[in-house]
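2 protein chains.
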Amino acid sequence: MTTVVNDRRRGFYLDSVALMRLSRTVAGMAGVVECGMMMGTPANKRIMADAGVLDAVGEAAGPGDLVIAIAGHDAAAADAALAAACALLDAPKSATGDTRAFAPRTLRAALAADPAANLALISVPGAFAAAEARKALNRGLNVLMFSDNVPLAEEVALKQLARVKGLLMMGPDCGTAIIGGTPLGFANVVPRGDIGIVGASGTGIQEVSCLIANNGGGISHAIGVGGRDLKAEVGGITMLMAIDLLDADPATKTIVIISKPPAESVAKAVLDRVAKSKKRFAICFLGGTSMQVPKNAKLAPTLEAAADLALGRDRMGDALPDVLLMPGKLIRGLYAGGTLAAEAQVVLVAAGLGCASNAPIPGAAKLTAGAVGHALIDLGDDDYTQGRPHPMIDPSVRDEPLRAALADTAVGVVLIDVVLGRGAHADPASFVAAVLGASAKSRPLIVATVTGTSDDPQDRTGQRAILENAGVVLAQSNAEAARLALRIVSDTVIQSIG
Amino acid sequence: MTTVVNDRRRGFYLDSVALMRLSRTVAGMAGVVECGMMMGTPANKRIMADAGVLDAVGEAAGPGDLVIAIAGHDAAAADAALAAACALLDAPKSATGDTRAFAPRTLRAALAADPAANLALISVPGAFAAAEARKALNRGLNVLMFSDNVPLAEEVALKQLARVKGLLMMGPDCGTAIIGGTPLGFANVVPRGDIGIVGASGTGIQEVSCLIANNGGGISHAIGVGGRDLKAEVGGITMLMAIDLLDADPATKTIVIISKPPAESVAKAVLDRVAKSKKRFAICFLGGTSMQVPKNAKLAPTLEAAADLALGRDRMGDALPDVLLMPGKLIRGLYAGGTLAAEAQVVLVAAGLGCASNAPIPGAAKLTAGAVGHALIDLGDDDYTQGRPHPMIDPSVRDEPLRAALADTAVGVVLIDVVLGRGAHADPASFVAAVLGASAKSRPLIVATVTGTSDDPQDRTGQRAILENAGVVLAQSNAEAARLALRIVSDTVIQSIG
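Protein chains in written order, with our numbering: chain Y, -13 to 484; chain V, -13 to 484.
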């Protein structure tokens, strides 16, 4: 018989991440069925009631109270878990592994401990957040407010106060920022560099900053503004101030702006501000229809395109798929390994797909010049290697067939094997990457497998990274690669059956 | 004006890999247009003539002579390159980096240097290979013959001789073997273990041994037999001897057989031999039609299935795509990052695809219960997180929606974001892997991006590996993932336009 016990701590709050960690620890104890540790808001109490862990003690809690709600297999287990939960709350340093976060319980105490602090990160429940932010602003601190569920009118008032004081009010609902190299909220560890980001979206900032980092660039500052900053009511106060800051920052050369489509008046204000800058801008108003932007700015339809623009690469033609240029639906396999070509044929033939090869298996056709259809080619065959080394030794054997496949508008997927191991070329992936690098932007999808192990002399991880950076999709086995190709042309399959 | 000079060395051979390395070095010298270093067979001389590097000296060479053919920008450059090529040939140790391969010039000298040797690896041109192999067999050596272009009658004679002497004749055209942990020919560095492989295909052995190694298994021995061993004329002499050896080897528990479909008589002989063994067999006759196999054996339709069987995993139902079970063509995005969900919508909407979301961008529809269509869901939205931590903190928020998508036969592709960085969960990928591990074998394709950098606390490489091992296809950016999904459903797109 499950026993439920609750405890309640008045006026005690911890952020939801810390609470979740603690409740997980308790839920993992022997004899515990379920553990909830949440602030006593009506919504949270409903959730705990639905989960069957709320009793009268928790039910009586107010939104400023912490509820500790436990269901145990029996009363002894529930009581033990409750005692453990309380002990964890009273010794939060060891429970969370973070020795600093819980030390000061108030803004005043935090400032006393570190008078040089110039930014407050506020992550208390929304109902308390505005009051804390106002305290912080009045003490001359910039604010990053992670909390959401703050009324819009409060946000407007806080941002107006911040503007008057010349302070940055990031958020409410600002999930991500990187200020002077310090990650705040959810943020990735990225190198410092000359690209500044202002974003109304946490994961938008994360994706763009990671794509920049993974492609050799770095971030000066990434400033979050909160999801509602570009609404007409707020007027983009923080976005405009952030642009001012980055524009004045000598370390920032390029600025990326990320937001959902702003209110028209706000878009105009932002674009007017951009026009006054001498820096380059990439503007990603995700889902926004096209608009006129100043000469120093380009519109990026996707986060990926924004990162590319910031890196000085204009791959815009490639950012959005052009239906009219949608490539063909034929599979072209260009194999160094003859048996891998045979295995791919097995997969296609089993699916009822006609295919041809210079080394056909039963059920496949002999490849003839000029034939149109799926083709899986063994490049190690004498036709291709007469007097030349095998493509596993000399990967350039594949260069010309690969160029031809990329230029063939009937081809939708190119299957490739990169075979590592002793005896094989030291760097076959770079041959593929070189051909792809020189190819047109709209080209067939390349699906590859790397046959090799982590102990092979070629560095399997490095070979895979070269292929990935060239835009190749990697499969874990050649059979999986062939199945993926099949999925991509699978309507054709169904048509051929139906 | 290009100048061509040739030199010819009588009765001198080097294997084609060594020659290619040397000729590459020479071709890279200043003033050199082209360099060919090949044995003077008619085919090779034709290639060099076509390349414009052959002169009368090279033309006069016989098949046992090495031709050094150089085209230079002028006579001085060509002469200097020829001198350099000759110097490299005379000091092969430094040129190839291999201090042992060229030391003995004859089998006799090699055996004198190492009287304990019990295997000869023969990689001379086909015209010379049989004579060398016969010498080796007569000296009591097992043979791995890498050379191809050996007449079939010679192969039969050599293998019959080997059988009489109780020696293993691997090849001709045997590219890969791993004997007692020693890789021969093209072979990957794999751990030792209890799986033995006999294969008529080099890359087949490589793919299977790598899949075994990459999934935690190991290899006792991998024995290559050459591509023609299972022809009726040869009768599978080496395959049958190799099975005898592995069957008698106490370190080998499971045996994988890899070949193109053998001649009927040979298949019968092999299967009869398998039936006499007490060990487990996985038999991959690639492209072979179904046949009756002994109880201790299973037929593997693909190399991947052979590796799976050897590892004790029966994923046979998954090995070949079942057209009737081909999944649907709908895209379902399950996003922790709201902006990533928005970016995916941008890609779909731009391609003319209707899609819905709980957080729709302009052009997308509001998601409604029971609606059928492409859906890109922001799991961080309050609908999903009311009272729960954000899915970036608690990835289990995605578990149930992911299970539902996997079970939905209308869904063809599931898009997923795994967001790393400070603040995010320590191991989000394992949540995805756990749900996939418990899913049915025939399921939608999962396409994921990992938003993160190599410096993030979560170990981006490890997170990616967890997803890949769960069968997830990884894209380099979320936009690329969305474009991949689009390709997979792209016939639908074309239909919606056309």
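No wet-lab data here; the hints were simulated from the structure.
Every residue gets a Cβ at the ideal spot worked out from N, C-alpha and C, and that includes glycine.
Some hints could be false.
Unchecked claim - Using 30 Å as the maximum straight-line C-alpha spacing, the simulated DSS-like pairs for lysine-lysine come out as follows:
(1) 352(Y) to 217(V)
(2) 352(Y) to 217(Y)
(3) 352(V) to 254(Y)
(4) 239(Y) to 262(Y)
(5) 262(V) to 284(V)
(6) 281(V) to 217(V)
(7) 217(Y) to 352(V)
(8) 284(Y) to 239(Y)
(9) 284(Y) to 265(Y)
(10) 262(V) to 352(Y)
(11) 151(Y) to 121(Y)
(12) 217(Y) to 265(Y)
As the list claims (entries may be wrong) - Ranges between beta-carbon positions, derived for each pair:
(13) 72(Y) to 338(V): 15 to 25 Å
(14) 100(Y) to 358(V): 34 to 44 Å
(15) 178(V) to 445(Y): 15 to 25 Å
(16) 445(Y) to 125(V): 36 to 46 Å
(17) 357(V) to 447(Y): 38 to 48 Å
(18) 395(Y) to 358(V): 24 to 34 Å
(19) 138(Y) to 357(V): 49 to 59 Å
(20) 420(Y) to 46(V): 33 to 43 Å
(21) 62(V) to 423(Y): 32 to 42 Å
(22) 448(V) to 237(Y): 25 to 35 Å
(23) 235(Y) to 440(V): 38 to 48 Å
(24) 125(Y) to 455(V): 25 to 35 Å
(25) 420(V) to 447(Y): 19 to 29 Å
Results of checking the hints against the structure:
no.	hint	result
1	352(Y) to 217(V)	20 Å, holds
2	352(Y) to 217(Y)	63 Å, violated
3	352(V) to 254(Y)	27 Å, holds
4	239(Y) to 262(Y)	15 Å, holds
5	262(V) to 284(V)	15 Å, holds
6	281(V) to 217(V)	25 Å, holds
7	217(Y) to 352(V)	20 Å, holds
8	284(Y) to 239(Y)	15 Å, holds
9	284(Y) to 265(Y)	12 Å, holds
10	262(V) to 352(Y)	38 Å, violated
11	151(Y) to 121(Y)	13 Å, holds
12	217(Y) to 265(Y)	25 Å, holds
13	72(Y) to 338(V): 15 to 25 Å	58 Å, violated
14	100(Y) to 358(V): 34 to 44 Å	56 Å, violated
15	178(V) to 445(Y): 15 to 25 Å	22 Å, holds
16	445(Y) to 125(V): 36 to 46 Å	39 Å, holds
17	357(V) to 447(Y): 38 to 48 Å	42 Å, holds
18	395(Y) to 358(V): 24 to 34 Å	32 Å, holds
19	138(Y) to 357(V): 49 to 59 Å	29 Å, violated
20	420(Y) to 46(V): 33 to 43 Å	38 Å, holds
21	62(V) to 423(Y): 32 to 42 Å	36 Å, holds
22	448(V) to 237(Y): 25 to 35 Å	32 Å, holds
23	235(Y) to 440(V): 38 to 48 Å	26 Å, violated
24	125(Y) to 455(V): 25 to 35 Å	51 Å, violated
25	420(V) to 447(Y): 19 to 29 Å	24 Å, holds
Hint check: violations occur at hints 2, 10, 13, 14, 19, 23 and 24; the rest are consistent with the structure.
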